[in-house]
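Using the sequences plus the hints, can you model the full thing?
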Amino acid sequence: MHALVIDDSRAMRRIVSGILTNLGFSTVEAGDGRAALDVLEAIEARGDALPELACVDWNMPRMDGLEFVNHVRSRREWRNLTMMMVTTESEHGQIVRALAAGAHEYMIKPFTPDAFADKLALLGLLDAGVRS
Amino acid sequence: MTAVHAAPPSGVGITEVLGIATDVWLALIGEAALPSALPPPPMPDDAVRASVTIEGPWRGRVQITCPPLTASELSNAVLGQEPGTPVDDEDVIDVLGELANVVGGAVKSLVPGSNALGLPSVSTGPAGAAGTDGPLVLHVDLSWREMPVCFSIRALPPHTPDTP
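Taken in order, these protein sequences are the chains called R and V. The opening position of the first sequence corresponds to residue 366 in the numbering used here, with each subsequent residue numbered one higher. The opening position of the second sequence corresponds to residue 254 in the numbering used here, with each subsequent residue numbered one higher.
You can trust all of the hints, since none of them are fake.
Not everything, but these chain R residues come out facing chain V in the computed CB check (under 8 Å): (1) 374; (2) 380; (3) 454; (4) 477.
Chain V is nowhere near these chain R residues, computed Cβ spacing over 10 Å in every case: (5) 393; (6) 415; (7) 441; (8) 446; (9) 491; (10) 492.
Derived CB-CB ranges, DEER-like: (11) V:289 with R:387: 29 to 39 Å; (12) R:383 with V:365: 29 to 39 Å; (13) V:297 with R:383: 24 to 34 Å; (14) V:267 with R:410: 45 to 55 Å; (15) V:410 with R:417: 45 to 55 Å; (16) V:269 with R:406: 37 to 47 Å; (17) R:415 with V:275: 34 to 44 Å; (18) R:415 with V:369: 24 to 34 Å; (19) V:333 with R:438: 30 to 40 Å; (20) V:412 with R:367: 40 to 50 Å; (21) R:461 with V:371: 20 to 30 Å; (22) V:293 with R:486: 36 to 46 Å.
If you're looking for bench data, these hints aren't it; they were derived computationally from the structure. Glycine included, each C-beta is placed from N, C-alpha and C at the ideal position.
In structure tokens form, the structure reads like this:
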């Protein structure tokens, strides 16, 4: 499985990528929503397989996570990309906004690796036996 | 002049901030930050200050302050590096900014009403530099690996047409 990790914090990208790698994913990273769209377009241009999962921070410069989700949902060829918001935004209204925009799941920072894996299992993105 | 209420938002007290600090430290570092048993020494002039603003019915700034050595070791811990590993300023700014972002987000979740979190900012310098404006409404001294870390919340004046 491939995952795209989008966060303006290198430290948080490293943490999320580390968890995903331990769960059997290969990861690519982007520092904001605009850069993430560039990554997806570059993968598409090469004819490579698109990631199955995008972990998306909300508050980022240039293009925030919600705008990224909206862009992805406007592209039919990216409809199979599962998007999980990974963010400090924890208000009910914000969660509803993200899910309404097309995000599939919501992970509130701070989180533990186990909680992260639980979300991926809910999304059906975790092979049985991967978690140790 | 606009009055600033020198009190933390309802629902946010020392107990809540200690709980947030524990959750954030355990999740990002894997270790607890504990309340200081003794009054810590004053922060040095070159202390690192990482903060985020909360904008809404209540306006304020959530800030983490620590000496440069503590900031470096926090960066090593979050990045999974051995203690004492040299870290560049970019990593310190990134890690402290993300810690402030996560702590600020957790504080925001306790503040009544609909609020927005600003992007984190990180600075070093003497008191009076960016991030020390507004009356102090809550202050918690913590100790991590016997190094001081201060959590504080400052109130900011409500937005008016004169305060864009």
